[in-house]
Amino acid sequence: MTADVVELVIVGRSAPGRMTVQEPVRSVLTGATLRRIAVSGLRIEGGEDDAAAEAIRRASTRPLLDRQGGQWLVETWSSTSVNDGPVNYALELIEYEHVTVDAVTVDGLTLPLTRHLADAGRAEMSLMVQLLFATDEAAHEALSVLIEKHYEAEDYFPVVLHGVRAEPVSMRFGQCVWEAAGSEYREFVVLVSEEGDDQFYVGVGQPDLARLKDAVVGQQRQFDALIEELHRAGVLPAEAIERIRRVGVGPFPRSQYRGFRRTGSLEDFLPDEWR
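Per this note's numbering, the very first residue in the sequence shown carries number 841; after that it's consecutive.
These are computed hints drawn from the structure, not numbers from a lab. It should be emphasised that the depicted structure is a prediction, and the values quoted were computed from it without experimental measurement. A virtual CB, placed ideally from N, CA and C, is assigned to each residue, including glycine. Relax, there's no trap hidden among the hints.
If you anchor each label on the Cβ, the simulated ranges turn out as follows:
(1) P1091 x E1034: 22 to 28 Å
(2) E981 x P1047: 26 to 32 Å
(3) L1052 x R897: 32 to 38 Å
(4) R875 x G925: 30 to 36 Å
(5) D1048 x G1074: 39 to 45 Å
(6) T940 x P1008: 14 to 20 Å
(7) T940 x Q1060: 38 to 44 Å
(8) D890 x R1102: 34 to 40 Å
(9) D1108 x T916: 24 to 30 Å
(10) E1113 x V861: 25 to 31 Å
Please build the complete structure, drawing on both the sequences and the hints.
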């Protein structure tokens, strides 16, 4: 590894620091080699420490510039100050890879994008693509079927990122939120690459939330079955009650869960950069 000096530009001010070159990584997105550096002893000329800290925090997705024209994303950072003296920052940076995704084909279904954000090149070598697009009812139903199919199997599927790479990337669905707007549907879909994926992470509110969804879906299915039985027989014999009870016992089709991902305000779930 080599040591040198790098001069970043943070909140419009010069921010020189000592640079140590780290091992490069391969981009999951394009396969390109991305540089990585560690910067220590970095100070912001003229203060502006609160604004600088905010800029560094946002630089996990919004790159910082250096005086040589390089662009860097922040992987990790910390700051220290002694007796209210100047703030010193330590950063671990990775080369920013700007890409434009023209469209995405998910297991054979091509989605025209409104917005996208590809978060790639981190040390853990994972890739997350966040997509925003509008669909009509037919495309919304086709996407719903696809989501239900792959959530049911908890599997990965080929995704083609048009304009970035010809080879498919093995990915799975993450968060999938949708909003009805008249005859149009707005969809926010997150895709996560198989490489570097930690899909078995247990999220906040689990397993309570999963059990709650099971209970609600079960009650809905019981109610639907009850209506059908009343319509069919005109009375409610013991056999019908037993059938209704059996319907409420899982596992259930994933199609029953799709409605939980509907929202009245898609903006609440979008990345900060899109709001």
